[in-house]
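Enquirer: Sequence:
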Amino acid sequence: FYITRESSGGLTLIHEDEILQKIRDGDSASLDKLVVFYYPDILRYCLWHTPNRQTAEDATQDTFLKALRHLDAYVHRGKFKAYLYKIAANVCIDYSRKKVAEQLPDDLQEYDNRLEQIESDANFLWLLRGLPDEQREVVLLRFVHELKVREIAEVIGAPMRTVQSRLRSALKRLEKDFDKEGR
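Taking the numbering used here, I'd label the letters of the sequence shown as residues 1 to 183.
Since the hints were made in silico from the structure, they are not lab data.
Because the structure is a prediction, the values reported are computed rather than measured.
Be careful, since some hints might not be right.
20 angstroms max Cα-Cα, derived SDA-like pairs, lysine to any residue [what the hints assert, rightly or not]:
1) Lys176 with Ala158
2) Lys86 with Arg69
3) Lys176 with Asp133
4) Lys22 with Phe80
5) Lys148 with Gly130
6) Lys79 with Leu20
7) Lys176 with Met160
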């Protein structure tokens, strides 16, 4: 299994098994590569689940610290991304338990400078807030974070059929709400 990410310098290929072993052997450069590779995805996930950018950055940092702390116990089966998302989900839950108010991030404009994109994100978030928590989480993981159904099932700890059912129900409800608003 290879990690790939497009960058200005082209396509980067990293064999996940090798990089995880190097990290376990104390190679800090490999740790840096892994963090740089996954940081944007985990930060974006945390931005959707926390009230502001600072809290999201803290949650992202805590996610990587916990992953590193428990790396020896992690058995790699080609699903490290899902493992990170599961940790991020738990970290965000911990942060919300600390009575962090649920609201749009204060710095929503940092997501994208284009006003149209901000409006689209806000409309999407507004529609998502009408969903039950379990359905909202599945939609975010599938369409915002582009996880596969199997990865979502692993992240939320539910059977794949449950994920599929929640996703289907959420999409039907979103379509109904979208049509109702005339958008």
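Enquirer: Hints first: check each against the structure and report whether it holds.
Expert: To see whether the hints hold, each was checked on the structure:
1. Taking the CA atoms of Lys176 and Ala158, the gap is near 26 angstroms; set against the 20 angstroms cutoff, the hint is violated.
2. For the hint linking Lys86 to Arg69, the alpha-carbon distance of about 15 angstroms falls within 20 angstroms, and the restraint holds.
3. For a cut-off of 20 angstroms, the pair hint linking Lys176 to Asp133 stands: about 18 angstroms separates their Cα positions.
4. Distance check on the hinted pair: Lys22 and Phe80 sit about 15 angstroms apart at the alpha-carbon level, within 20 angstroms; holds.
5. Between Lys148 and Gly130, the direct Cα distance comes to roughly 23 angstroms. Violation of the 20 angstroms bound is thereby established for this hinted pair.
6. At most 20 angstroms may separate the alpha-carbon atoms for a hinted pair to count; Lys79 and Leu20 meet this at roughly 12 angstroms.
7. Distance check on the hinted pair: Lys176 and Met160 sit about 24 angstroms apart at the alpha-carbon level, beyond 20 angstroms; violated.
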